[in-house]
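Peer 1: Given the sequences, and given the hints that come with them, work out the whole structure.
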Amino acid sequence: MVEGKDIKSTDKKSPNWNSNESSPILKIMTLPIAIVMVAMGIMTILGGHITPGGGFQGGAMIAGAIIFCIVVYGVDGTPFKMSHRFISTLESFGALAYVLLGLIGLALTGSFLYNIGGNLYGVVPQAIATIFSYPDVTHAGIVPYLNIAVGLKVLVGLSAVVIAFSQFKKLAEEE
Amino acid sequence: MVSLASLVIGPIIVAIIFGFVVGSRIHLNLENSFTFTLSGIIALIIGVIIMAYGLGQYPTYDDLPIATAFLSAIIGILLGSVLLGGRAKGDH
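Chains A and B supply the protein sequences, listed in that same order.
For the first sequence, our numbering assigns the number 1 to the initial residue and increments by one for each residue that follows.
For the second sequence, our numbering assigns the number 1001 to the initial residue and increments by one for each residue that follows.
Please keep in mind that the hints were generated in silico from the structure rather than gathered at the bench.
Note that the structure is predicted; figures quoted are calculated from it, not measured.
Please note that the accuracy of each hint is not assured.
[As the list claims (entries may be wrong)] Using C-beta positions, here's what the derived DEER-type ranges look like:
hint: 1; chain 1: A; residue 1: V137; chain 2: B; residue 2: I1046; range: 37 to 45 Å
hint: 2; chain 1: B; residue 1: T1060; chain 2: A; residue 2: I33; range: 23 to 31 Å
hint: 3; chain 1: B; residue 1: K1089; chain 2: A; residue 2: A95; range: 21 to 29 Å
hint: 4; chain 1: B; residue 1: L1007; chain 2: A; residue 2: I28; range: 52 to 60 Å
[What the hints assert, rightly or not] Sample of chain B residues lacking proximity to chain A, with all beta carbon distances greater than 10 Å (derived):
hint: 5; residue: I1013
hint: 6; residue: F1036
hint: 7; residue: L1038
hint: 8; residue: L1079
[Stated by the list, open to error] Computed from the model, here is a short list of chain A residues facing chain B with C-beta under 8 Å:
hint: 9; residue: P24
hint: 10; residue: K27
hint: 11; residue: I35
hint: 12; residue: V38
hint: 13; residue: M40
hint: 14; residue: G77
hint: 15; residue: P79
hint: 16; residue: K81
hint: 17; residue: F86
hint: 18; residue: V137
hint: 19; residue: T138
No residue lacks a Cβ here, since even glycine has one placed at the ideal position from N, Cα and C.
Peer 2: Now the structure itself:
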């Protein structure tokens, strides 16, 4: 340590995410903007097979909306009430959907994640290919479904990280 | 030529379901945030329709000149939050 210069780690003020000290303008505008951000994220996920973007990008946009509300309203007052059960359900559903789509391709064709909806090589019966076909003009098969599964995982994963970080200070105060 | 017969229903259905799931966790009437009255919802929908026209439809989709997935997602979010959002409880 340099003599005469005390380094005080407590001088740096950390954001208090458990308080509700935002300005009224932020409080009024944040929720409608967050709703529009969520819709943009869903649009990005669903356009993942024909436009730039996809599951990860769209999920990150939705998580950004949730994080936006947590920063402005505080973790206790946020309108997005993400319970532990909801987060774990969505995460599990996304992971299971991805793995099951891959396993169905493995079982029917011998290739993991074979695009059974698109069926480019014609190795899957047409009736099964029709079931997994996305109702779309591009006939993308299971790719949009994989994007949705990835989007669900990313949206709850990123928002769970921020919710956990925002609660550390509250936990420390309680202890 | 706009034709509803060639409407691509895949993104519309999935966007409504996805929006409903996310919207089911949103409280619209918290005291510390924007309170959604009927006029607030109408204002949001008008703004969203203008946004959807500006965004445009996905490439290769030639059904409508507006972003149908975006509009459907907003409808799903509002439906989910109105029907289920008030009962949602968070752990925090």
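Peer 1: Could you run down the list of hints and mark each one as holding or not?
Peer 2: Results of checking the hints against the structure:
no.: 1; hint: V137/A with I1046/B: 37 to 45 Å; result: 29 Å, violated
no.: 2; hint: T1060/B with I33/A: 23 to 31 Å; result: 30 Å, holds
no.: 3; hint: K1089/B with A95/A: 21 to 29 Å; result: 24 Å, holds
no.: 4; hint: L1007/B with I28/A: 52 to 60 Å; result: 36 Å, violated
no.: 5; hint: I1013; result: 8 Å, violated
no.: 6; hint: F1036; result: 8 Å, violated
no.: 7; hint: L1038; result: 14 Å, holds
no.: 8; hint: L1079; result: 12 Å, holds
no.: 9; hint: P24; result: 10 Å, violated
no.: 10; hint: K27; result: 6 Å, holds
no.: 11; hint: I35; result: 6 Å, holds
no.: 12; hint: V38; result: 6 Å, holds
no.: 13; hint: M40; result: 7 Å, holds
no.: 14; hint: G77; result: 5 Å, holds
no.: 15; hint: P79; result: 5 Å, holds
no.: 16; hint: K81; result: 4 Å, holds
no.: 17; hint: F86; result: 6 Å, holds
no.: 18; hint: V137; result: 6 Å, holds
no.: 19; hint: T138; result: 6 Å, holds
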